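In order, the protein sequence lines correspond to chains W and V. Mind the numbering: the first sequence is residues 1 to 115 in the numbering used here, read in order. Mind the numbering: the second sequence is residues 1 to 112 in the numbering used here, read in order.
It is worth saying that the hints were derived from the structure and are not from the lab. Since we're looking at a predicted model, the values are computed, not measured. Backbone N, C-alpha and C define an ideal beta-carbon position, used for all residues, glycine too. Among the clues, some could well be false.
[Unchecked claim] Derived DEER-like restraints, expressed as beta-carbon distance ranges:
#, chain 1, residue 1, chain 2, residue 2, range
1, W, Gly16, V, Ser12, 39 to 47 angstroms
2, W, Gln11, V, Ile46, 36 to 44 angstroms
3, W, Val96, V, Pro40, 39 to 47 angstroms
[To be verified] With a straight-line cut-off of 25 angstroms between C-alpha atoms, the simulated PhoX-like cross-links for lysine-lysine are:
#, chain 1, residue 1, chain 2, residue 2
4, W, Lys78, W, Lys57
5, W, Lys42, V, Lys78
6, V, Lys73, V, Lys55
7, W, Lys42, V, Lys73
8, W, Lys42, V, Lys70
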Amino acid sequence: EPEVTQTPSHQVTQMGQEVILRCVPISNHLYFYWYRQILGQKVEFLVSFYNNEISEKSEIFDDQFSVERPDGSNFTLKIRSTKLEDSAMYFCASSVGGLATYEQYFGPGTRLTVT
Amino acid sequence: AQTVTQSQPEMSVQEAETVTLSCTYDTSESDYYLFWYKQPPSRQMILVIRQEAYKQQNATENRFSVNFQKAAKSFSLKISDSQLGDAAMYFCATSTGNQFYFGTGTSLTVIP
Numbered sequence: 001e002p003e004v005t006q007t008p009s010h011q012v013t014q015m016g017q018e019v020i021l022r023c024v025p026i027s028n029h030l031y032f033y034w035y036r037q038i039l040g041q042k043v044e045f046l047v048s049f050y051n052n053e054i055s056e057k058s059e060i061f062d063d064q065f066s067v068e069r070p071d072g073s074n075f076t077l078k079i080r081s082t083k084l085e086d087s088a089m090y091f092c093a094s095s096v097g098g099l100a101t102y103e104q105y106f107g108p109g110t111r112l113t114v115t
Numbered sequence: 001a002q003t004v005t006q007s008q009p010e011m012s013v014q015e016a017e018t019v020t021l022s023c024t025y026d027t028s029e030s031d032y033y034l035f036w037y038k039q040p041p042s043r044q045m046i047l048v049i050r051q052e053a054y055k056q057q058n059a060t061e062n063r064f065s066v067n068f069q070k071a072a073k074s075f076s077l078k079i080s081d082s083q084l085g086d087a088a089m090y091f092c093a094t095s096t097g098n099q100f101y102f103g104t105g106t107s108l109t110v111i112p
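Chain W on its own, in the form it takes in the complex:
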């Protein structure tokens, strides 16, 4: 069964550094998402992406964040200058269609630790 994959599984970086988290969505999916979960807290929506554009983003997704689909398979989340509070689990998801009528398939997550 097709799965969403994410790399790396764990990323450690120093404060102020740039990080890129990578995701490979399911191949026939058209909508892509990033979520984060700070340890012990709820999963929070960051951004949704369709047709090479951001379709929705949350208040968390400020100018420090950007997303890109650089080729036909990868979907990336870049954090330009990491802060300690960016330490979290980051989940990528994809779906065939938009809106909640379509199931979102989640990746296993990347644990980002900012020191």
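Starting from the known structure of chain W, fit chain V onto it as the hints suggest.
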């Protein structure tokens, strides 16, 4: 904004018994969806069950069913005949458009 509250951080159930996980939400939207996701240890989240808010009939999926009380904004998950493989973190979520709002999760332990 929408909020989702899961008041039970941890629950346990004896194998083959039934357990109910609670979830309440707050939304001003009239058209929305509700979900329960399961996250086994070190695995990705998978969809357990989905409910359209405009449907009065409670969704069921094999051993999983929901009790959707729209006026009370309550969306509980019932797991019948619990199995060891049901042990996981369970997240309640609601969505409007492309945005999902999750609760903090309930960790379910299944006792053999």
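Checked hints:
Checked against the hint of 39 to 47 angstroms, the pair Gly16 of chain W and Ser12 of chain V passes, with Cβ atoms roughly 43 angstroms apart. Between Gln11 of chain W and Ile46 of chain V the CB atoms are about 24 angstroms apart, so this pair departs from the stated range of 36 to 44 angstroms. Here the CB-CB span from Val96 of chain W to Pro40 of chain V is close to 23 angstroms, at odds with the stated 39 to 47 angstroms. For the proposed pair Lys78 of chain W and Lys57 of chain W, the alpha carbon gap of about 14 angstroms is at most 25 angstroms, so the pair holds.
Between Lys42 of chain W and Lys78 of chain V the alpha-carbon distance is near 21 angstroms, which keeps this suggested pair within the 25 angstroms criterion. Between Lys73 of chain V and Lys55 of chain V the CA atoms are separated by roughly 14 angstroms; this keeps the pair inside 25 angstroms, and the hint holds. Simply put, Lys42 of chain W and Lys73 of chain V have alpha-carbon atoms about 19 angstroms apart, close enough for the 25 angstroms limit, and the pair holds. Using a Cα cut-off of 25 angstroms, the hinted pair Lys42 of chain W and Lys70 of chain V holds, with the two alpha carbons roughly 23 angstroms apart.
Hint violations for this structure: numbers 2 and 3, all remaining hints satisfied.
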